[in-house]
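Single-letter residue listing:
There are 8 protein chains.
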Amino acid sequence: MGEYVDPPELAAFAALDQDRLQRRGYPEAVYCEGKTPQQLSVIAAAVRDRPGVTLFTRAGPLHAEAVVAELPGAFHDTPSGLLAWPREPPAPTGGLVVVVCAGTSDLPVAREAQLVAEFLGRATELVVDVGVAGLHRVLGRLDVLRRARVIVVVAGMDGALPGVIAGLVSAPVIAVPTSVGYGAAFGGIAALLTMLNACAPGVGVVNIDNGYGAGHLAAQIAAPVDAP
Amino acid sequence: MGEYVDPPELAAFAALDQDRLQRRGYPEAVYCEGKTPQQLSVIAAAVRDRPGVTLFTRAGPLHAEAVVAELPGAFHDTPSGLLAWPREPPAPTGGLVVVVCAGTSDLPVAREAQLVAEFLGRATELVVDVGVAGLHRVLGRLDVLRRARVIVVVAGMDGALPGVIAGLVSAPVIAVPTSVGYGAAFGGIAALLTMLNACAPGVGVVNIDNGYGAGHLAAQIAAPVDAP
Amino acid sequence: MGEYVDPPELAAFAALDQDRLQRRGYPEAVYCEGKTPQQLSVIAAAVRDRPGVTLFTRAGPLHAEAVVAELPGAFHDTPSGLLAWPREPPAPTGGLVVVVCAGTSDLPVAREAQLVAEFLGRATELVVDVGVAGLHRVLGRLDVLRRARVIVVVAGMDGALPGVIAGLVSAPVIAVPTSVGYGAAFGGIAALLTMLNACAPGVGVVNIDNGYGAGHLAAQIAAPVDAP
Amino acid sequence: MGEYVDPPELAAFAALDQDRLQRRGYPEAVYCEGKTPQQLSVIAAAVRDRPGVTLFTRAGPLHAEAVVAELPGAFHDTPSGLLAWPREPPAPTGGLVVVVCAGTSDLPVAREAQLVAEFLGRATELVVDVGVAGLHRVLGRLDVLRRARVIVVVAGMDGALPGVIAGLVSAPVIAVPTSVGYGAAFGGIAALLTMLNACAPGVGVVNIDNGYGAGHLAAQIAAPVDAP
Amino acid sequence: MGEYVDPPELAAFAALDQDRLQRRGYPEAVYCEGKTPQQLSVIAAAVRDRPGVTLFTRAGPLHAEAVVAELPGAFHDTPSGLLAWPREPPAPTGGLVVVVCAGTSDLPVAREAQLVAEFLGRATELVVDVGVAGLHRVLGRLDVLRRARVIVVVAGMDGALPGVIAGLVSAPVIAVPTSVGYGAAFGGIAALLTMLNACAPGVGVVNIDNGYGAGHLAAQIAAPVDAP
Amino acid sequence: MGEYVDPPELAAFAALDQDRLQRRGYPEAVYCEGKTPQQLSVIAAAVRDRPGVTLFTRAGPLHAEAVVAELPGAFHDTPSGLLAWPREPPAPTGGLVVVVCAGTSDLPVAREAQLVAEFLGRATELVVDVGVAGLHRVLGRLDVLRRARVIVVVAGMDGALPGVIAGLVSAPVIAVPTSVGYGAAFGGIAALLTMLNACAPGVGVVNIDNGYGAGHLAAQIAAPVDAP
Amino acid sequence: MGEYVDPPELAAFAALDQDRLQRRGYPEAVYCEGKTPQQLSVIAAAVRDRPGVTLFTRAGPLHAEAVVAELPGAFHDTPSGLLAWPREPPAPTGGLVVVVCAGTSDLPVAREAQLVAEFLGRATELVVDVGVAGLHRVLGRLDVLRRARVIVVVAGMDGALPGVIAGLVSAPVIAVPTSVGYGAAFGGIAALLTMLNACAPGVGVVNIDNGYGAGHLAAQIAAPVDAP
Amino acid sequence: MGEYVDPPELAAFAALDQDRLQRRGYPEAVYCEGKTPQQLSVIAAAVRDRPGVTLFTRAGPLHAEAVVAELPGAFHDTPSGLLAWPREPPAPTGGLVVVVCAGTSDLPVAREAQLVAEFLGRATELVVDVGVAGLHRVLGRLDVLRRARVIVVVAGMDGALPGVIAGLVSAPVIAVPTSVGYGAAFGGIAALLTMLNACAPGVGVVNIDNGYGAGHLAAQIAAPVDAP
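Protein chains in written order, with our numbering: chain A, 146 to 373; chain B, 146 to 373; chain C, 146 to 373; chain D, 146 to 373; chain E, 146 to 373; chain F, 146 to 373; chain G, 146 to 373; chain H, 146 to 373.
Just so you know, these hints were derived from the structure itself, not from any lab.
Beta carbons are placed, not taken as given, at the ideal position from N, Cα and C, and that holds for glycine.
Some clues are possibly wrong.
[Said to hold, decoys possible] Here's a subset of chain D near chain B, in silico, CB distances under 8 Å, partners left out:
| id | residue |
| --- | --- |
| 1 | Glu154 |
| 2 | Phe158 |
| 3 | Ala160 |
| 4 | Gly179 |
| 5 | Pro182 |
| 6 | Gln183 |
| 7 | Ser186 |
| 8 | Asp194 |
| 9 | Arg195 |
| 10 | Glu270 |
| 11 | Leu271 |
| 12 | His281 |
| 13 | Ser324 |
| 14 | Gly333 |
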């Protein structure tokens with residue numbers, strides 16, 4: 146991929162990982178927080194004609210505006226701050242990724258996970274509002290849970306959910322604690338600890354609010370066996 | 146109760162709360178950790194002829210020996226370190242206290258809670274090994290859970306259990322985190338936080354490993370309405 | 146309750162726990178933080194004609210506006226962010242819930258606890274500004290404290306209060322730490338730890354600022370013996 | 146599987162999750178810490194004739210002795226405290242599980258992960274002592290790393306290793322922090338946080354020292370696509 | 146004080162603060178933890194003929210043995226690990242130091258504070274076992290509390306006590322959290338935070354278990370006005 | 146003081162500790178954070194004619210406006226948020242209180258301590274900007290430090306200062322950590338821990354940013370011996 | 146330097162460490178956070194004619210405006226909040242300081258370190274965006290890394306970078322954790338711990354976001370051997 | 146160095162970083178904690194004839210015995226657990242490393258730092274027992290401190306010392322917190338935080354008790370300018 150050389154104005158603040166797609170089979174994502182809109186403009190212009198998908202994560206309104214100005218028609222999910230270019234995800238291969246969202250307030254993170262998995266090439270389904278406080282809601286969705294090759298469970302106040310689900314299925318579970326909650330939720334720490342200590346084996350945990358990481362990991366787990 | 150005056154050798158290190166029974170309706174308990182066996186001998190002798198029950202909590206082997214030497218035939222549950230004098234609990238009144246124990250390793254704390262509730266005058270039942278990783282084990286005991294006036298749930302690695310149970314019943318739940326677990330269990334902190342953040346309302350939490358406090362609180366909640 | 150089917154636009158982000166009233170004896174509450182006003186509008190419309198009370202907790206001004214637009218005349222306590230529909234609490238049954246508020250700054254949480262207990266069917270009384278720094282203020286209210294079936298104690302800077310009160314009465318105490326305070330108060334952690342370590346047995350603790358949970362638990366404890 | 150009824154002496158402290166194999170496709174494991182040798186004897190006897198593998202984790206010397214007395218010839222790895230019955234793992238199916246061990250002191254946890262994956266039916270390879278301080282050691286093993294369907298990375302003082310490896314391969318990485326280290330390692334917390342914040346996506350984290358959980362999760366991820 | 150030159154073998158590991166008495170008005174104390182008995186022998190020999198009192202704090206049995214071998218007849222309080230040479234405290238001057246000990250298990254720390262204040266020249270009184278759970282025990286000792294020039298309150302499980310006492314008197318209060326307790330006591334952190342957040346002003350806090358520091362500070366506060 | 150009855154509108158949210166002056170010798174202070182301006186108006190009006198000083202602490206601009214509207218001419222120090230009524234401090238008695246301020250950013254807290262000590266009846270002096278990084282600045286002020294009956298040391302980034310000063314004088318030291326600093330200062334926790342672990346004995350610590358508590362405690366320590 | 150006497154209006158809040166240049170060989174820096182613009186005006190005026198460089202760190206817009214008004218033409222780097230007077234750094238002496246910046250969001254801190262080292266007299270180079278997730282980016286810059294006398298590594302989400310670099314070179318490494326990141330990054334704590342536990346020896350860590358301290362320390366390490 | 150091939154029995158658990166000397170200019174050290182004596186025997190034998198120094202750190206008695214059995218006459222400092230082979234350090238080059246030890250209990254860590262610097266080729270001096278509580282002890286050693294090219298300051302209870310020293314000299318300071326102390330020392334965390342927040346710039350911090358890392362870093366800083 147040597148023909149895609151970073152423009153000089155980019156080199157002052159960033160060095161794109163251009164061969165990540167070749168090395169890992171998955172493209173680079175641009176983390177927007179802490180970058181200026183000007184920096185994002187330069188990056189967006191630099192990836193416009195690159196092969197493969199480019200993701201922009203945790204983009205605020207000004208970030209998104211700068212990206213879309215350079216990449217008109219880019220996909221943009223405002224609540225999760227995710228942008229993707231080009232705007233259409235690839236045709237899905239591999240197994241099904243099911244994303245379970247414990248509460249309505251966890252939706253932006255769940256959507257980020259789902260969209261990332263889709264843009265990395267997987268089919269997905271989203272199950273919403275199935276907290277432990279009403280077990281029948283979980284048990285009522287066992288059919289879809291059991292069709293999954295991997296399940297992403299996103300929860301802030303309901304950190305128990307990944308363990309409950311892992312105990313019901315054979316698929317691996319990726320748990321995403323969110324910073325939803327108050328008081329002794331400690332911005333997601335309580336959910337994180339709950340998930341790390343889940344009794345049922347088969348749960349791997351990612352960083353608080355890290356829908357991107359969960360979606361990426363899910364896409365890898367559900368990848369077709371002979372390909373990334 | 147003025148006729149029961151503390152002996153002079155007791156006054157050097159302790160002042161028994163002799164009228165607690167009258168003031169609160171529940172007798173004092175003697176916390177043994179950090180006391181010398183000699184100090185416990187003096188205390189045990191001082192309570193020998195007091196009316197009502199005296200509990201000794203968190204007694205190690207030397208503590209227990211000192212107490213039993215002064216109070217022969219006292220009740221003694223070794224795993225939980227609980228002693229009681231006199232050895233027979235009162236006839237039960239009020240509602241049923243159900244104690245749920247998540248894992249076998251949590252049993253000593255669960256037993257402490259159960260025994261304290263019994264010695265404070267309540268009928269109890271114990272349900273063992275009903276972790277969230279196998280939900281059918283919880284669901285299979287709904288009958289006894291729904292007979293309870295109050296449920297004590299004791300769990301270390303399975304901090305999600307109190308919330309799951311609270312979501313299934315109308316009785317209040319007392320959650321007792323235990324220090325069972327390893328790594329990010331942090332000696333009970335993870336379970337404590339999980340319980341404080343339980344999605345289902347109706348859960349009150351006590352200190353880590355505090356079976357005594359849970360049993361006491363359960364006895365108060367299940368007290369006959371017109372009496373403590 | 147199958148006749149109350151969630152409208153389709155609700156299913157995209159929420160699944161109401163419609164049979165919680167039947168299963169637990171207490172109705173569902175809608176946690177507003179992190180929900181959009183649009184989502185709350187849909188939910189409010191969906192519960193308009195449901196039997197029983199619906200509570201909305203931690204509602205900000207925009208949340209409240211959206212709810213009231215759908216449920217005109219709904220009860221709304223601004224400081225605590227609580228709304229209730231229909232606006233009148235049921236006639237009280239069971240025992241008395243006394244809510245003790247340590248400092249004026251703790252009032253919104255105390256009010257939330259009191260109102261929730263009322264809307265779940267209990268009679269309540271509120272005692273204000275009775276900190277440990279002036280013990281006579283606590284001791285001067287022993288009459289009302291001793292009439293309670295359960296006492297909720299709300300305190301941020303005065304985490305010692307639940308233990309002091311528990312030592313004076315036979316009723317169980319629910320302790321609610323608040324995030325009031327500064328410095329080493331750590332947003333309620335200091336009060337939380339103080340309460341978990343209260344010397345006097347008979348104290349169950351809920352999450353920081355969780356007036357809703359405390360009021361719900363109090364309503365359960367003070368429920369009439371033969372009914373939830 | 147109803148014909149395998151728990152013996153009555155077991156019911157006093159444990160309820161085996163007998164149908165987990167059927168429900169999840171993976172058998173139950175018995176966590177030994179906190180159990181008495183007597184309790185383990187009863188459990189071991191109860192599983193002697195059960196179909197499928199039974200694992201015993203975190204067994205101390207007395208635990209192991211009790212298990213082996215009931216299950217002569219059981220597999221026993223002393224450093225990791227793992228026992229398995231029957232002693233031979235099943236013939237491997239699915240993809241390759243590569244376990245990477247950062248330092249010699251991390252070996253017991255790495256071995257636990259490897260052995261669990263094998264007893265759950267996967268082929269495994271172990272790569273030892275490949276810390277970040279000498280990158281050439283990692284880079285020199287890229288061949289085996291790139292053959293893996295999933296990589297388990299076990300590290301205490303070298304928490305950076307999972308992220309470095311994830312950046313080099315397309316397979317998902319399971320990171321296992323260990324409690325190896327001193328000072329600001331905080332018993333594994335530093336490694337845990339390093340792993341949760343790994344820059345390279347594709348890393349799921351399990352509890353500190355949780356080789357069992359990592360091996361289980363790896364077995365699920367590398368399962369043959371049409372079977373658990 | 147130049148005539149007291151450290152012996153050469155001392156200089157290899159310690160430099161006594163010989164003029165502290167002159168500079169601050171209070172003598173140096175030798176902290177024993179982490180020192181070898183051999184090192185303590187050398188130090189003890191070096192102070193044998195120095196003017197004024199020398200204290201040795203937190204001495205284990207081997208430490209104490211080494212000191213007493215060099216300083217026969219030295220004062221030794223085993224539970225607190227305090228030694229003093231010469232063995233008699235000076236005649237008291239200044240105001241009264243009252244040391245309040247919440248629970249029997251806190252006694253060693255309380256004794257350390259009391260003894261240090263005495264060896265630094267103050268009259269002291271000790272009040273034992275006056276926890277907040279039985280307020281009448283505190284209120285019954287108001288007479289001695291109100292005679293104090295300064296009050297040291299030592300408490301582990303009863304961190305609320307300093308604030309309660311400060312609210313009843315005009316004297317300043319020094320609060321000493323102890324590591325007595327379990328679970329969420331966190332080795333004294335809970336008591337420390339409770340004391341730092343005490344509602345009643347007039348409380349200064351020292352390190353957990355720091356009876357020495359509390360006794361020293363009390364001696365300074367209660368010093369005669371015209372002299373240290 | 147029975148003739149000063151709280152007005153009825155006050156009783157809804159506050160119960161003034163009117164006899165604190167009599168009981169403790171120091172008047173009550175009104176903590177403003179978390180109170181509404183309306184509540185402060187009612188309180189200010191209620192204390193207008195009370196004997197003795199009333200302090201209002203941590204008042205924001207709206208709080209201050211409400212107080213001054215009821216108590217025209219009240220003393221107001223904006224940076225520290227302290228108000229006092231009546232506006233003149235009493236004539237000083239007892240010993241000198243020296244307040245040392247480590248950095249310019251710590252000034253508001255230092256001023257609060259100084260002003261509170263003055264309004265409680267002590268003479269004070271303020272020493273500014275004497276950090277440990279330039280020891281000569283501390284050593285150059287030894288004269289005033291040695292005239293003090295008690296020294297208050299206020300420091301955020303320079304938590305070492307109280308210990309350095311305590312090692313140079315015979316007076317007791319009150320250490321006030323401030324939330325000044327960034328990164329691993331953790332909002333004052335680093336300074337707090339540094340102060341609690343100060344090597345030199347004679348340091349008592351108050352809550353982070355608690356200038357009020359430090360000034361109050363200093364006033365008590367420096368009180369004339371025969372009076373509060 | 147006695148001829149530079151602080152003006153009287155400065156003495157009310159600050160005491161400049163005027164002889165630091167003479168004592169340490171490096172000039173004082175003025176920390177702006179928490180100072181008012183007025184205070185900075187007075188300080189800026191006071192240093193206008195002092196010999197040597199004066200740095201102003203962590204200046205917000207109003208701080209910078211006040212400084213520049215007094216020192217027209219002063220150097221000002223807005224993103225890092227650094228100002229310097231006079232505006233030209235001295236001619237470089239000693240060894241090369243290489244500053245490595247892990248991610249674009251870490252640039253302000255990296256620039257602060259680089260600029261401080263330059264103004265203290267060192268030659269510098271900046272290497273950007275060389276995270277561990279793409280090792281080839283680090284390995285591609287080995288040439289410049291190996292020319293350094295000391296390397297400053299600035300990283301928030303990529304705390305592993307300093308250890309990786311230290312393992313590749315002989316120069317000492319100064320690690321600067323930044324508060325860039327989210328969730329379990331905990332405002333820089335994760336990066337801080339990762340760096341403190343770096344496997345490769347040769348890493349010294351400074352406070353989170355402390356570019357100033359890192360640049361200063363680098364300048365000292367790279368100082369010409371016979372001069373500061 | 147290809148001629149030194151690891152023996153096959155070593156490869157099962159370790160991969161020596163044989164070319165570290167060539168790559169970094171400093172030899173590898175073998176961390177002993179968590180290794181078995183058998184493993185150390187194999188490693189010791191493998192390095193017997195390697196060129197350059199090999200260090201063994203944190204060796205317990207059994208570790209040391211195993212090493213010395215293979216490397217008779219190896220250098221061994223028991224308190225710090227350091228072994229070196231061959232037993233004589235190289236002739237010193239570069240600048241002077243001064244190691245300052247705050248308290249006698251910190252000596253093992255200080256000795257480790259000093260010895261490592263010597264075995265890596267630097268001249269060293271050790272200054273003992275110079276705590277901040279008696280500033281004259283620090284000020285009395287300014288001569289040796291000012292001769293240093295780099296100063297290592299080792300302190301547990303006296304975390305303020307590195308900042309005080311850094312404020313007095315032009316050399317860089319490496320701060321080593323130790324786990325000496327009790328209560329709120331939190332096993333070295335308090336000292337660590339104090340050091341990270343030291344007011345005086347010029348302080349780099351290493352892990353708690355990490356004398357090895359400090360000695361290594363000091364050797365690098367004080368290296369002759371033209372050589373590692």
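Hint-by-hint comparison with the structure:
1. A hinted interface residue such as D/Glu154 counts as satisfied when its beta carbon comes closer than 8 Å to some beta carbon of chain B; here the least separation is about 13 Å, so the hint is violated.
2. About 5 Å separates the beta-carbon of D/Phe158 from the nearest beta-carbon of chain B, less than 8 Å, and the hint is met.
3. For D/Ala160, the interface hint holds, the least distance from its beta-carbon to any beta-carbon of chain B being 4 Å, beneath 8 Å.
4. The restraint placing D/Gly179 at the interface with chain B holds, with a minimum CB-CB distance near 3 Å, inside the 8 Å limit.
5. At about 12 Å, the closest approach between the beta carbon of D/Pro182 and any beta carbon in chain B exceeds 8 Å, and the interface hint on this residue is violated.
6. A hinted interface residue such as D/Gln183 counts as satisfied when its beta carbon comes closer than 8 Å to some beta carbon of chain B; here the least separation is about 11 Å, so the hint is violated.
7. Here the hint on D/Ser186 is broken, as its CB sits about 13 Å from the closest CB of chain B, past 8 Å.
8. The criterion of a C-beta within 8 Å of any C-beta in chain B is not met by D/Asp194, whose closest approach is roughly 21 Å, and the hint is violated.
9. Annotation: interface hint on D/Arg195 violated; nearest CB of chain B at approximately 15 Å, more than 8 Å.
10. Hint status for D/Glu270: violated, given a least beta-carbon distance of 25 Å to chain B, over 8 Å.
11. At a threshold of 8 Å, the smallest CB-CB gap from D/Leu271 to chain B is about 22 Å, leaving the interface hint violated.
12. Here the hint on D/His281 is broken, as its CB sits about 31 Å from the closest CB of chain B, past 8 Å.
13. Residue-level restraint check for D/Ser324 holds (minimum Cβ-Cβ distance to chain B is 7 Å; threshold 8 Å).
14. With its C-beta approaching chain B no nearer than about 6 Å, D/Gly333 sits inside the 8 Å limit, and its interface hint holds.
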